[in-house]
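2 protein chains.
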Amino acid sequence: MEDLQKMHNQIVEWLNEIVPIIKRSLSEELKIEIKRDRKDLVTNIDKMVQDFLIQKITEAYPTHMIIGEESQELIISDNREHVWIIDPIDGTANFVKQQDHFCILIAYYENDIGKLGYIFDVMNDDLYYAIENNGAFLNNEKLPSPEEISLQEGLISGDIRDWVGKECLERLAEESFDIRYFGCGGIDSIHVITGKFAAFATSKSGPWDLAAQLIFAKELGLKVSHFNGSHLHYLDRGDWILSNKGAFDDLIEILKGW
Amino acid sequence: MEDLQKMHNQIVEWLNEIVPIIKRSLSEELKIEIKRDRKDLVTNIDKMVQDFLIQKITEAYPTHMIIGEESQELIISDNREHVWIIDPIDGTANFVKQQDHFCILIAYYENDIGKLGYIFDVMNDDLYYAIENNGAFLNNEKLPSPEEISLQEGLISGDIRDWVGKECLERLAEESFDIRYFGCGGIDSIHVITGKFAAFATSKSGPWDLAAQLIFAKELGLKVSHFNGSHLHYLDRGDWILSNKGAFDDLIEILKGW
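As you go down the protein sequences, you meet chains A and B in turn.
Just so it is clear: in the first sequence, position 161 is 161 by my numbering, and no numbers are missing.
Just so it is clear: in the second sequence, position 172 is 172 by my numbering, and no numbers are missing.
By construction, these hints were calculated from the structure, which means they are not laboratory data.
You may find that some hints are simply not true.
Copies of the same chain are indistinguishable here, so a pair counts whether it falls within one copy or spans any two.
Below, simulated SDA-like cross-link-like pairs (lysine to any residue); rule was C-alpha separation at most 25 Å, straight line [what the hints assert, rightly or not]:
#, residue 1, residue 2
1, Lys23, Glu148
2, Lys245, Ile131
3, Lys47, Ile66
4, Lys31, Glu153
5, Lys142, Met123
6, Lys47, Lys204
7, Lys204, Glu253
8, Lys204, Cys168
9, Lys218, Ser205
10, Lys39, Glu13
11, Lys31, Thr194
12, Lys35, Asp126
13, Lys23, Asn139
14, Lys47, Val224
15, Lys142, Glu29
16, Lys6, Phe52
17, Lys256, Glu17
18, Lys245, Asn44
19, Lys245, Glu29
20, Lys223, Val96
21, Lys39, Gly206
Please read these numbers as outputs of a predicted model, since none were measured by experiment.
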């Protein structure tokens, strides 16, 4: 725990160093590149933030493995003693088009056990973090476990674009209280973590989109799984859900038809 | 203009008086009632804010007509010399479930001409307003007209629950950059006003949902219409769209199939 606290303090320092730089970048012209298709963007700022974090981690912990969304190569070796997973800008489309509703995601795992998770909501200056066996926090205030929310009473967030035409979207719209979507998995997840949404479900993810949230889920008594209800590992890809306990069973019943 | 400036100053005073009371109410237990169906809520705070605004308007302008979302009766007389339209809490579901992403909407019309429009984003303390022939403002800073955004490059917001299963949702998801939804027409509209979204489209509205936005649209060069492209009057009900100029024609081409 003492070591974790030291790492935590370092990570907070790094974040406090890079966040003002990201904010200043909003007044400059972005260099935007297209990745897999016209809707999948990366900017010079994504790369700058990733380089910054990789440099800081490597300086402090030269033997640790680092997985980043914008890495040229994704190294997943068998040695998973110390693994960092980072998404330098989660919600790049929002970053480009809204200059809001994007975040930095960082997770640290030891031997496949989640130790530290971070979601930094940049424009609100809100740092959410979770420390194994120690709870989850917003700006150093401990977060309570969200009260149970049923599917019927809950707001459900999902990456709508991938859901259109599917029967499960019709069922979600009908059976939940209503649908919402910020368009940034980290920001949508914050709303589940704080009990504002009953769940966030997304069909296309990499480890950097979910590794931090798994640690929050454990500390706050939230549920995580693939759409078919199977166990979610922090290095998994594809579909997954972060859900309030009260809505989870009904949601999985719908999502398994995805 | 002098009279409008005086009215504007009054309205800002009223808002500055009621907003802290709304915020304090978030720490107290809400009285929630169901209106037309289980997804249509009203709280004691909606009613308190509406009563407050009606009292202020009536004291200052006893002969003016007032239309409010939570009024017991909706009076639309032939005398439309001075008409106020208010939504005391736009986004009541968000108010109840998120304690965020809700707003106060106020519009003032003279002889069917929009004079003053207000969107107060309560939790961000952001007051957006528009004054006829004078521009639109955020907290007294003049807002620029948003740059043109094409449908292909733009984020589109819509009340998803009513769109599921419709071909136009599939086309929107495919042809736009992506879909978003805050679940509060006023907050979604702010994102069109500030150029963060290309459009906000909603299928079920009353005058209180759109009267203020019509005034912003005129001042900022945004487009408004029904889904079929026909003229939108501030007392209309039903479907309507607030759109960036660059996306409007392509959107109407899709929405007319709604």
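Quiz item: If you check each hint against the structure, which ones fail?
Solution: 10, 12, 14, 17, 18
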